[in-house]
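Asker: Chains as they are written, first to last, in the numbering used here: chain R, 1 to 242; chain F, 243 to 498.
Please note that a few of the clues may not be correct.
To be verified - List of simulated lysine to aspartate or glutamate pairs, EDC-like, C-alpha gap at most 16 Å:
#	chain 1	residue 1	chain 2	residue 2
1	F	Lys289	R	Glu189
2	R	Lys96	F	Glu312
3	R	Lys205	F	Glu253
4	F	Lys289	R	Asp161
For the record, the hints were derived by calculation from the structure and aren't laboratory data. Being a predicted model, the structure only gives us computed values, none of them experimental.
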Amino acid sequence: MCASSVIQGTTLGATRRIRTHSGAATGQLARQRPAQPVAWTEAEAIRLAQAGNAAAFEFLYQLHGRRVYALCLRMVGNPADAEDLMQEAFLQLFRKIGTFRGESAFSTWLHRMTVNVVLMRLRKKSLPTDSLEETLEPDAESSGPKRDVGAPDLRLSGAVDRVNLERCIEKLPPGYRTVFVLHDVQGYEHNEIAGIMGCSVGNSKSQLHKARTRLRELLQEEIRQQAREERKAAKTPSGSLE
Amino acid sequence: MQCKELEFVLETQGLEQLSKDARLHLATCGDCQGLLADLNSIVSAAKSLPAEVAPPDRIWISLRAQLEAEGLIKEPVEVSEHSSWWESFSAWLRPRTFAIVTAAALVLAAAVYLTRTPRTPHPGVANDQPVAESSRPVQPSTTASDSPSSTFPVTTPSKGPALSRPKELAPSPSESASFTLNQAELDVPNMQLAGNSQVDAALRQNLRTLNAFIAECEQHLKENPQDELAREYLYTAYQQKADLLAAMMESGRGDN
């Protein structure tokens, strides 16, 4: 899957490339955007949805759908799967909304369901080739930060563009990918991620650092690959194509 | 401080607000300087990625249909005090409503049947495939690589005389469904639907949304006839439109 298709295009070709905010704010835009003329708070909408009010369901969907969809897109890498997963996540949410008592933030609850749905899908897909431990909880020795002794010390500054980065994010193990997307792309704090992932804050920090260092390795490999291709192209005589 | 210790600091405290010890180490270690610069570049690039992406409208349409099917949406239903069960039943049997709903259901059933059933090759045309192969049931699939004979063609490009359908003989089921639904829709503009302007507006808005979605699906299928996912969406939308039109006519006070 081409990395650029992660954020643009849909199955039906209705191209949408919507960039909302690039900062690290945690969902403030989504919370402030009125989904429809109805002026509800989130709590009111939840209470009405628990009673089966269709407009309240839609209000909650409009309030959180964009972030959930972005998360699904980054996690699975293609719009068709992301649509399926988003629908499944919201369906689970609305089925269980009657049990929501407000102990945690609604968005945390929703994102936890979304992450579970996504990881379950990725787990099913990866079963034939990878073990769960390897893809979800890589241990520090096998997948932690590595320093290649003697390897050329490439600097990434100026070389990290969005396309490269998205391609490398897709190559991360799901556990790393989830924490990285939630923290560095969506702007969640470690305590929120711990709530979403059901892990400790320390674990979230550790996973994030490993994700970043793994990304560094992947990006360096991309740069080396590009350099190899450029050298190869330079060696090829221009007349040999004819 | 050693390099390993600095990495532990970066992991536990993040890339900012480094301690004095960490800064001292950084000032003397080129490798760690490079690591920190690279991690900062990655974080900076990640922040430039959109944190929100608008999902396609069809997700909500499909989700809402599912919520209704599961009974999670409980719309308040206003029942007239004077209407008996027989009046309700006879109203449902009003000829036009009944005919439309029945026709739409039949067309959709035919469409689904043709979609899920392998097509028998034309007897008069040579077919290279063995009989056992052609009569084998085809699994429902959503992949675009399926055999054209197992899919329902809207504008399927002809791959041979045995698989092509002469368009002039009969309209395809999706065309029939579209035509039937459009005929039913002709009555809607002049109809006062529910005697409640807000409900009327909501119903008409839903119809417009569905029509736009159907048009998008049809256009996409013209360009990508093998897209099974789009076809599924289209049939679901037809079904929803049939349901919506039936609901509108039920609530209407037209001369039907």
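Asker: Given the proposed pairing of R:Lys205 with F:Glu253, does the C-alpha separation stay at or below 16 Å?
Answerer: Measuring from Cα to Cα gives roughly 6 Å; hence the hint holds.
Asker: When you check the alpha-carbon spacing of F:Lys289 and R:Glu189, does it fall within 16 Å?
Answerer: At roughly 14 Å apart (the allowed maximum being 16 Å), R:Glu189 and F:Lys289 satisfy the hint.
Asker: Measure nothing beyond the straight line between the CA atoms of F:Lys289 and R:Asp161; if it is 16 Å or shorter, mark the hint as holding.
Answerer: Answer holds: F:Lys289 to R:Asp161 is near 11 Å, not above 16 Å.
Asker: Keeping to a limit of 16 Å between CA atoms, is the pair of R:Lys96 and F:Glu312 held or broken?
Answerer: Distance of about 13 Å is within 16 Å: holds.
The structure agrees with every numbered hint stated previously.
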